[in-house]
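Trainee: Sequence:
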Amino acid sequence: MTTAATPAPKYAVGSLVHARGREWVVLPDSTEDLLVLRPLGGADVDIAGVLPGLETVVPATFAPPTPGDLGDQHTAGLLRTALRVGFRAGAGPFRSLASIAVDPRPYQLVPLMMALRQDTVRLLIADDVGIGKTVEAGLIAAELLAQGDARGLVVLCSPALAEQWRAELRGKFGIDARLVLPATIGRLERETPYGQSVFRPDGAYVVSTDFIKSPRHREDFLNNCPDLVIVDEAHTCVADSTVQVSARTSQQRYGLLRALADVPDRHLLLVTATPHSGKEEPFRRLLGLLDARLATVGFESRAGRELLAQFFVQRRRADIREDFQDGAHFPSSRDTTEVSYTLHRDYRALLAEVLAYARETVRSADGALQQRQRWWSTLALLRTLSSSPAAAVRSLNTRAGVQEADTPDEVDRTGQVTVSDPADTDSAQSADEVPGSLLPTATSTTEESGPDDLDAEEKARLVAMAEAAGKLAGPTRDTKLKKLVAMVTDLLDSGYRPIVFCRYIATSDYVADHLKKVLNKRGTEHPVAVASVTGELSPDMRLNRIAELTGADENGEPAPERRVLVATDCLSEGVNLQESFDAVIHYDLAWNPTRHEQREGRVDRFGQRTDTVKALTLYGADNPVDDIVLKVLLRKHERIRRATGISVPVPQQAESAMQAVFEELILRGETPSFEQEGLFEREQLPAAEQLELAWESSAEREKASRSLYAQNRIKKEDVATEVAEIRAALGTGEEVREFTRRALGALRGVPADRKQGGFTAHTDALPQGLRDAVTAALGPRHPRPVVFHDAPSAPRGEVALTRTDPVVAATARFVLDTALDEKFPAWQRPARRCGVIRTNAVQRPTTMLLVRHRFQLSLPTRDGGVRPQLAEDARVVAFQGRPEAPQWLPDEDALALLEARATGNSDPAFATDHIASILAALKTGLMDELRLRSQVAATELEASHHRVRTAARARLAGLKAVPQGDPDVLGVFLYRPAATIQLGADA
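Note that this note's numbering has the sequence shown beginning at 38, numbered continuously upward.
To be clear, the hints were calculated from the coordinates, so they are not data collected in a lab.
Hints are all accurate, no fakes.
Below, in silico cross-link-like pairs of lysine-lysine (BS3-like), each with a Cα-Cα straight-line distance of 27 Å or less:
#1 316 - 673
#2 519 - 553
#3 668 - 519
#4 508 - 554
#5 520 - 554
Hey, can you work out the whole structure from these sequences and the hints?
Mentor: Written out as structure tokens, the structure reads:
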């Protein structure tokens, strides 16, 4: 069966046409019957389809300037920068960079280079927390879509992160994705024609992984899934979970991904900061989704590691630190500190009573099943009491989940997830409920009780412990809380904004309530805003509560600088908090060091404006539970990380080691073996020491193997030249900053310098069109005046002075549009297309032309074909002498004219006549030179693409750049030597 080829369009990509009363640029995907057009100077939102058979479409040329449209000395620079900032079809080899609202760091282009090497992109991006995995995945997606190698996109993630993913795709990459969640599916189905799927292969979606894996929606999704899939927190889809319910969930997730990966031409990007939980089998299953060979190949051999390097990229903070030497917001260091407290005597007495009860009840158990149930219930009570009195009371009044287990193994599987923090379970986002202690409440009946009912004496003992725990609440007897108040106060007084991470919902609410009271006592000079965010809230409610704490109020007043967020680990993954917080306090010790890394990664990440973030770990000096966790896990993890520079996952032996140490404490009442002398003289190493040896061995293996990973084989220098050229062609940072300030000043924005750098501007007096664009970008309640930051990132409601920031882009678009349309009022046209400038910068009359080249760029496709693309480039050229006999200047001399300062005025009639004579020469010899330069630019463009494709080992056959039509002359500026004696208006 053969398919008829799509008729080639009459107009080449990049050519100009006139239709509907205006000029348009022909875009890719145009056919003979349908032209896809973008208004000349317009944005992607203005793209339209035109049917030549029904509407009049004729070739067009770009209109030259009007000789009398004269501006001052700043006109040329404003016009040139507005043009370049407005480009959305840049000429460089990375096709998406001109159309995205993010300025990628060089290291973030390495995964993109790896992707360009593959016919079907399959990558596991496992960079450290906070250094930009979302941006890296987004760059690959944007590039594949821009080059036409992918038609659509779907992101699979947890529902808690769905809205954040949609905002990132829309705000940074211009991809408008639809949310597919339980809360949205009804509306989406109603909006979809009967008999059709919610999903389209050319659509963009952010989808809840757990929702779409259900049998009702799974097959429809698989049948209509787009050809590019990003899986966030991919490690949760292959977790070797030990709880039957979670195991079934992870198996369903894995089955979904396996079905997606089995389509050979589907692009698949797996994203996670923790690809290896310490267990080899889940890691291999994850890699097997990318290439079946990775599931079994030995990584001890060079061949195995080189195969892995094709699909796996992982960088640590130390690997990319040099990329942030240009003032970009990225913390230079993380100040980690341990802070101890001593238990109050009443708290210590209750802890001793709980330990004694644990020892007695476990020893007196009837059979293995009951013993394991009691073991986990008493361990839960110990952990909750170590957390807070509120958590202990809740635990003592909550039935334990282990009561439902039928075998000792099932009890252990349930207990490990509900009480411990194993690395291979599902996300922590729903794991902050207080675990029960197997005990019926004081008011429960026999029917309500579990199978392990207690006699009256034991019940009375437990009720007494619950009452004693309740009396410990408050900073008088809860010295942990008292110490926290002092820590938070010190941080606030030092200008920090801390997040306090707790293990349980009850603890988070308890801590937040007390902080609100203590930090806002009557007469407090500087009140503190405090909020608690836990898993009790839905994902949307969590984000709303954070926004209430950190965002402007309904009157536009900024958020208080003195603020504290108290949260459980529902916020330890995915949610970015670096714009509003810069310190972390671990109020409760996690029983997995990775959880601490995730918590600290919420603030220690790209976009953090504080140079040194703080991480404080609070622990009880005389609390044996904290002592075990610190010495067996947390301190060893930190020591290995500092010694090797690698954050190595906890080995598989961790759970058994912790069990062994806790058994020594609870069952035998002994000092844990890691504190005993002569430890290594024993014939059999204790479990804690076996864990440490396995951990160090794992660290050495990973450190050795990293030298052969792809991120070390693909050098950033391979693309540095191309990146620098693209950035220069699209406007340097200094140009963008100067342009934005000058343009807003001309448009009545009244810029004012800030001591911290950057400036502020008032938006209320801006022209209506630009004011509406600013409101759309920042929100209707954005702070006033608007803060413009001299950095690549900015908090919500403020502006980063980069070409890709929505407000900067809107300003450039407005300046360019008004320059090309003389109907606007004069004050709304800060840039003009002509000018005659008297200056000391030249010795002879010198003409500068601002020129735009358009190219049809033919790019080789992965299936062996060629796909046409539009490319645009702006150049400044200049010549001395008369236009009939020009003496062309080098490019650097032409660019230098943009810095020329005027020293005198020119008579308007005189200036108009001279500009008219230059425009007349454009129809003859000058245009011949510009056409030649257009051909040279096409050759340079083709060479740039060739270099990048060679570095990426991508296809080269069919690569070609061809100029389309005559170059557009946007501006004509004549520079004349300053007169030595001023005669009248002009000399």
